[in-house]
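Which chain is which? The protein sequence lines are C and D, in order. Each residue of the first sequence is one higher than the last, beginning at 0 in numbering that gives the first Met the number 0. Each residue of the second sequence is one higher than the last, beginning at 0 in numbering that gives the first Met the number 0.
I should point out that these hints are in silico values taken from the structure, not numbers from a laboratory. Just to be clear, a hint being listed does not mean it is correct.
Beyond 10 Å from chain C on every Cβ pair, some chain D residues (computed) [claimed, not checked]: (1) G10; (2) L35; (3) H48; (4) P54; (5) H71; (6) K84; (7) S85; (8) Y90; (9) N98; (10) I126; (11) P127; (12) L148; (13) G184; (14) V185; (15) T187.
The list that follows gives simulated cross-link-like pairs (lysine-lysine, DSBU-like), each with its CA atoms no further than 35 Å apart [to be verified]: (16) D/K196 / C/K15; (17) D/K84 / C/K5; (18) D/K94 / C/K10; (19) D/K84 / C/K247; (20) C/K196 / D/K132; (21) D/K84 / C/K170.
Virtual Cβ for every residue (Gly too), placed ideally from N, Cα, C.
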Amino acid sequence: MKLTLKIWRQKNSTDKGSLETYPISDVSEHMSFLEMLDVLNEELIEKGIEPVAFDHDCREGICGMCSLYINGEAHGPDRRVTTCQLHMRKFNDGDTIFIEPFRANAFPVVKDLVVDRSSFDRIQQAGGFVSVNTSGNTQDANSIPIPKDDADTAFDAATCIGCGACVASCKNSSAMLFVSAKVSQFSLLPQGQVEAKERVLNMVNKMDEEGFGNCTNTGACEVECPKGISLDNISRMNREFLSANIKK
Amino acid sequence: MSKSTFYTSVGYKILMALSGLFLMIFLLQHFVINSLSLISPDAFNEASHFMGTNPIVQFLFQPILIFGVVFHFIMGFFLDLRNRKSRSNSYVYNKPSANSSWFSRNMIISGITVLAFLAIHFIDFWIPEINYKYIQQSTEDPTRYYHELHEKFALLPRVIAYVVAFFFLSLHLLHGFQSSFQSVGVSTNKTRLTFNKIGNIFAIAVPFGFIVIALFHYLTQH
Numbered sequence: 000m001k002l003t004l005k006i007w008r009q010k011n012s013t014d015k016g017s018l019e020t021y022p023i024s025d026v027s028e029h030m031s032f033l034e035m036l037d038v039l040n041e042e043l044i045e046k047g048i049e050p051v052a053f054d055h056d057c058r059e060g061i062c063g064m065c066s067l068y069i070n071g072e073a074h075g076p077d078r079r080v081t082t083c084q085l086h087m088r089k090f091n092d093g094d095t096i097f098i099e100p101f102r103a104n105a106f107p108v109v110k111d112l113v114v115d116r117s118s119f120d121r122i123q124q125a126g127g128f129v130s131v132n133t134s135g136n137t138q139d140a141n142s143i144p145i146p147k148d149d150a151d152t153a154f155d156a157a158t159c160i161g162c163g164a165c166v167a168s169c170k171n172s173s174a175m176l177f178v179s180a181k182v183s184q185f186s187l188l189p190q191g192q193v194e195a196k197e198r199v200l201n202m203v204n205k206m207d208e209e210g211f212g213n214c215t216n217t218g219a220c221e222v223e224c225p226k227g228i229s230l231d232n233i234s235r236m237n238r239e240f241l242s243a244n245i246k247k
Numbered sequence: 000m001s002k003s004t005f006y007t008s009v010g011y012k013i014l015m016a017l018s019g020l021f022l023m024i025f026l027l028q029h030f031v032i033n034s035l036s037l038i039s040p041d042a043f044n045e046a047s048h049f050m051g052t053n054p055i056v057q058f059l060f061q062p063i064l065i066f067g068v069v070f071h072f073i074m075g076f077f078l079d080l081r082n083r084k085s086r087s088n089s090y091v092y093n094k095p096s097a098n099s100s101w102f103s104r105n106m107i108i109s110g111i112t113v114l115a116f117l118a119i120h121f122i123d124f125w126i127p128e129i130n131y132k133y134i135q136q137s138t139e140d141p142t143r144y145y146h147e148l149h150e151k152f153a154l155l156p157r158v159i160a161y162v163v164a165f166f167f168l169s170l171h172l173l174h175g176f177q178s179s180f181q182s183v184g185v186s187t188n189k190t191r192l193t194f195n196k197i198g199n200i201f202a203i204a205v206p207f208g209f210i211v212i213a214l215f216h217y218l219t220q221h
């Protein structure tokens, strides 16, 4: 395949940045999108051009490191996959592909396609955990009976890899799908009940502090989420938020 | 519940949803009363006279309604501005149609259209009504309402304005109805489809009904 890549290049967070055009040939349809970028970078290095910086780690859809806004969609045109799982067979010979970083004020660009998503870490630190005494007397998890539906729903929420596609896709740069998944994965389980009230309040407050926008329920996040995190989590978080405030 | 509850992103959307739900209830009762004008001028006059003279409606519900309308619009503009600030640099190439509907993304456009219509509507009906009752203090005529409504729709530009406004109101409600239930946390995976279906019926039937009423009164005098 021969392709024309329009890639966002930005030297650092203060640089204005612009789209640069790179033609690339001999792209195999079996390559992953990141492998195609690896090939491009090899070519750029051989030509003495600075390679394109992009985030990646596990390359199997687990770590949530890869991002990229490809042809106007987070993680590209495929559904339920991360950029590393996107294959070049989804494109056609001769295509022009636009590659941009995830854009949100809470995700500042570090360089080229790399963005700083540490705001998600700070939201997690604000309450996305269960405090467990690990001094040797931890209760066996299997000794606490949990209804199957609750366990499944909590697990579905826990599959959120925190990639930020929800924020990137949302017209308001809202992080509510991410935060609600992190709230739900604990609130549905008995282990998470103890800190449920503080968790939702602290995480929502931290989300606001970080400068994410407001959810207007367009549903774009759910469609673009590589893990299919449901909007139901946002509704649950809203319920928990109201309930926590009433009990306060 | 503390004061700070509603000064958060979740609090804002809950307030927006509650005011929207309140306005939808008002819209439904307004539609039901206006629909009487298609069936019986006497029934319409009776209902309008009750609404126009009942002190609870006039001095309790009417101020609440005006507050609800003003609050919903101010909150809508405030949230839209806040959301725009959350992304300073736009995408060069974006494809929002791949993941969301036009009307869900453009509530501010449909909202502004409805606001413009409300201005016309106030000039047409509400201001003359207030003038008639409270400034001129004219003698109340329980049979005046049907004629006033009927005569307003003699002009084609007004009817066209109504049709356009209610088309945009329909778009606004197509997203707003189900979105309200999502925002207040009532919607779940099991109930979301039901809310969507009821919302679609409401968003099409009620504005279309208002259009039918406007067209009926125009066509029956031309």
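Taking the hints in turn, this is what the structure says about them:
The beta carbon of D/G10 sits about 8 Å from the closest Cβ of chain C, which is not more than 10 Å, so the claim that it is off the interface is violated. Against the 10 Å criterion, D/L35 stays outside the reach of chain C, whose nearest CB is about 34 Å from its own CB. The Cβ of D/H48 sits about 40 Å from the closest Cβ of chain C, beyond the 10 Å cut-off, so the non-interface label holds. Every CB of chain C lies more than 10 Å from the CB of D/P54, the least distance being 34 Å, so the non-interface label holds.
The beta carbon of D/H71 sits about 14 Å from the closest Cβ of chain C, which is more than 10 Å, so the claim that it is off the interface holds. Listed as a non-interface residue, D/K84 fails to keep its Cβ farther than 10 Å from every Cβ of chain C; the least gap is roughly 7 Å. For D/S85, the condition that its CB be more than 10 Å from all CB atoms of chain C is violated, with the nearest at approximately 3 Å. Some Cβ of chain C comes within 10 Å of the Cβ of D/Y90; the nearest lies about 6 Å off, and the non-interface call is violated.
Taking the minimum C-beta to C-beta distance to chain C, about 4 Å, the non-interface status of D/N98 is violated against the 10 Å cut. With 10 Å as the threshold on Cβ separation, the claim that D/I126 sits away from chain C holds: the shortest Cβ distance comes to roughly 33 Å. Taking the minimum C-beta to C-beta distance to chain C, about 36 Å, the non-interface status of D/P127 holds against the 10 Å cut. Listed as a non-interface residue, D/L148 keeps its Cβ farther than 10 Å from every Cβ of chain C; the least gap is roughly 35 Å.
Its closest Cβ contact with chain C, about 3 Å, brings D/G184 to no more than 10 Å, contrary to its assignment away from the interface. Taking the minimum C-beta to C-beta distance to chain C, about 7 Å, the non-interface status of D/V185 is violated against the 10 Å cut. Listed as a non-interface residue, D/T187 fails to keep its Cβ farther than 10 Å from every Cβ of chain C; the least gap is roughly 6 Å. Between D/K196 and C/K15 the alpha-carbon distance is near 46 Å, which puts this suggested pair outside the 35 Å criterion.
Taken as a hint, the D/K84 and C/K5 pair is honoured in the structure, with Cα atoms around 26 Å apart against an allowance of 35 Å. Proximity of D/K94 to C/K10 is assessed by CA-CA distance (about 26 Å); at most 35 Å being required, the pair is judged to hold. Proximity of D/K84 to C/K247 is assessed by CA-CA distance (about 31 Å); at most 35 Å being required, the pair is judged to hold. Of the pairs offered as hints, the one joining C/K196 and D/K132 is violated, with about 52 Å between alpha carbons and a cut-off of 35 Å exceeded.
Restraint check for D/K84 and C/K170: satisfied, since their Cα atoms lie roughly 11 Å apart, inside the 35 Å limit.
Of the numbered hints stated above, those contradicted by the structure are hints 1, 6, 7, 8, 9, 13, 14, 15, 16 and 20, listed in ascending order.
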